[in-house]
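Number of protein chains: 2
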Amino acid sequence: MSGTVTTLAGGVGAARMLRGLQAVVPPRGLTAIVNVADDTELHGLHISPDLDTVTYTLAEAINPTTGWGLIDETWHAMDALERYGDLAWFRLGDKDLATHLFRTHRLREGATLSAVTAEIAAAWKLALRIIPVTDDRLATKVTLATDGSAGAAGTEIGFQEYFVKHQHSLAISDVRFEGAEKARPAPGVLQAISDADAVVIAPSNPIVSIGPLLAVPGIREAITARRDTTVAVSPIIGGAALKGPADRMLRELGLESSVVGVAHFYREIASVLVIDDVDRDLAAAVEAEGLRCVVAPTIMSGLTEAANLAQIVMESVT
Amino acid sequence: MSGTVTTLAGGVGAARMLRGLQAVVPPRGLTAIVNVADDTELHGLHISPDLDTVTYTLAEAINPTTGWGLIDETWHAMDALERYGDLAWFRLGDKDLATHLFRTHRLREGATLSAVTAEIAAAWKLALRIIPVTDDRLATKVTLATDGSAGAAGTEIGFQEYFVKHQHSLAISDVRFEGAEKARPAPGVLQAISDADAVVIAPSNPIVSIGPLLAVPGIREAITARRDTTVAVSPIIGGAALKGPADRMLRELGLESSVVGVAHFYREIASVLVIDDVDRDLAAAVEAEGLRCVVAPTIMSGLTEAANLAQIVMESVT
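Residue numbers (the working numbering), protein chains in the order written: chain F, 3 to 320; chain G, 3 to 320.
Warning: the hint list may mix true and false statements.
The list cannot tell twin chains apart, which means a pair is met if one copy fits it or any two copies do.
Cross-link-like lysine to aspartate or glutamate pairs, in silico, DMTMM-like; alpha carbons within 20 Å at most [as the list claims (entries may be wrong)]:
#1 Lys167 to Asp88
#2 Lys143 to Glu84
#3 Lys127 to Glu84
#4 Lys127 to Asp88
The set of hints was computed from the structure by calculation and includes no laboratory data. Remember, predicted model here, so these are calculated numbers, not experimental data.
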């Protein structure tokens with residue numbers, strides 16, 4: 003088994019994958035490079051949804067029902083916010099607010115996001131290393147495909163408005179990562195990719211979770227150089243995403259909403275794709291894309307399932 | 003009894019005075035011009051302590067024990083913040099946080115502080131008008147008189163660091179209102195002063211609560227023009243402040259910590275000073291400063307006492 007693993011991570015699916023990996027590789031050798039293009043400023047606070055989901059999950063503090071936010075959370079601030087009108091569409095729990103207050107405080111003091119992220123991970127006593135893909139601004143923007151309450155076709159809106167406010171129910175025609183050209187990988191990111199024994203692309207949304215990581219100059223090249231020991235886990239199972247709009251997004255952007263579409267998306271940077279048992283019949287089509295295909299149970303309903311998947315993932319490239 | 007009253011207001015003492023005034027004058031004729039030089043940005047949120055104390059008190063939602071913050075408050079966010087280190091010296095309750103989140107949200111949208119303040123007052127269904135003295139930045143800075151944990155003598159620190167973090171236990175040698183020269187009275191402030199039947203200077207800290215109002219260009223002149231119908235209520239009772247450091251501040255800045263010192267401070271802008279019964283013997287000394295002196299019970303322990311004082315205050319100038 004490998005000593006060091008670097009994972010490209012979005013939110014919930016990645017957090018579960020990391021929890022499984024932590025059970026089968028030495029936690030100190032585990033690095034998560036996390037999407038920050040969903041980050042948003044809300045009421046003056048810097049919110050990093052994927053960083054928090056990864057941190058809270060690995061700290062065993064995640065709300066297991068929602069997959070985001072903290073367990074045993076209270077909502078007094080949000081309930082009180084309702085007095086002031088319709089602002090509480092992005093629900094921030096009272097305890098979760100503390101993380102945003104701390105992060106914003108440190109950023110205002112001039113700390114980098116990667117430094118604050120390490121401080122938060124330390125406060126939760128995590129052994130693995132969590133690094134935002136960049137300390138620079140990176141913001142996912144989606145273009146609406148059709149007219150609707152969010153705007154006319156062709157209107158570009160922010161990711162959280164699309165994802166949370168409109169529950170990703172809007173058809174889109176384009177995705178763009180604002181700031182990507184000028185963004186630099188955060189300290190340690192490129193080295194974590196090149197030095198790890200294996201690189202794991204977590205079962206996150208390829209378009210809006212992994213896509214932003216690959217859009218930061220230098221990262222796609224660094225992973226491509228590691229293609230032989232890079233394995234991706236498909237977030238698409240039986241043609242659908244377990245969570246979120248990955249399946250619709252793939253279709254809307256002209257890709258196939260299947261493990262074959264995922265294979266096509268990752269073919270240049272990964273040499274192995276792990277697909278779920280239900281997609282067994284598509285293994286040959288995946289391999290036709292130029293990746294080796296591993297078939298396994300990929301639904302991580304608990305730690306046991308996640309650890310079993312992590313074991314298979316690690317064996318596939320080492 | 004007058005129809006319209008404009009009050010110069012700081013925090014707790016002013017809020018109680020306003021509550022009394024609201025009981026004896028038509029609430030729609032009551033305007034509070036409130037200090038904002040204590041405002042601070044904390045963890046990215048815009049905090050307006052005096053505006054909130056006035057709003058919450060008039061809404062009958064203030065914490066009666068502390069005199070600030072909301073009644074039936076919970077502290078989950080602050081408790082959770084302790085995980086991240088020593089940041090919770092400025093305690094923000096969960097429900098109170100909603101006000102700061104809303105205010106910050108609207109300010110980021112480009113709203114003025116006076117517009118947001120009116121929205122907050124409307125949300126609490128208040129009848130009186132609450133106006134921040136200015137929409138521009140105004141920040142009280144105090145200069146330390148002696149060396150200590152907060153810095154060497156001569157160091158200038160922000161008001162909330164002095165007041166909350168160090169519990170105003172530090173000796174000071176100077177007070178300055180950063181931004182005052184360029185600040186403009188908020189819309190409606192000068193008119194509220196010139197049009198009201200009476201102007202009431204609340205029993206707030208003359209130096210750091212009323213002082214910043216008088217430092218905004220145009221306001222001192224507007225009140226001076228109303229001197230005949232302007233009445234101040236002394237925040238100093240028996241040589242001491244009921245709450246806060248007003249007594250020590252007066253002394254440290256070379257004024258007398260007594261109703262005579264207060265009379266001296268207000269002599270050019272008020273024609274009447276209301277002092278407490280315990281200071282009866284100083285009435286002649288107050289009048290020697292050129293103000294008419296009214297002796298009355300000034301401790302507003304409840305609504306009855308506040309309304310009685312308000313009645314006396316109003317009768318003194320109308």
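Hint check:
1. Lys167 to Asp88: Close inside one copy (11 Å), not across copies (34 Å); limit 20 Å.
2. Lys143 to Glu84: Classified as neither; 28 Å inside a copy, 35 Å across copies.
3. Lys127 to Glu84: between (35 Å within a copy, 14 Å between copies)
4. Lys127 to Asp88: This pair counts as between: shortest inter-copy Cα distance 17 Å, intra-copy 37 Å.
Against the hints set out earlier in the document, a violation occurs for number 2 only.
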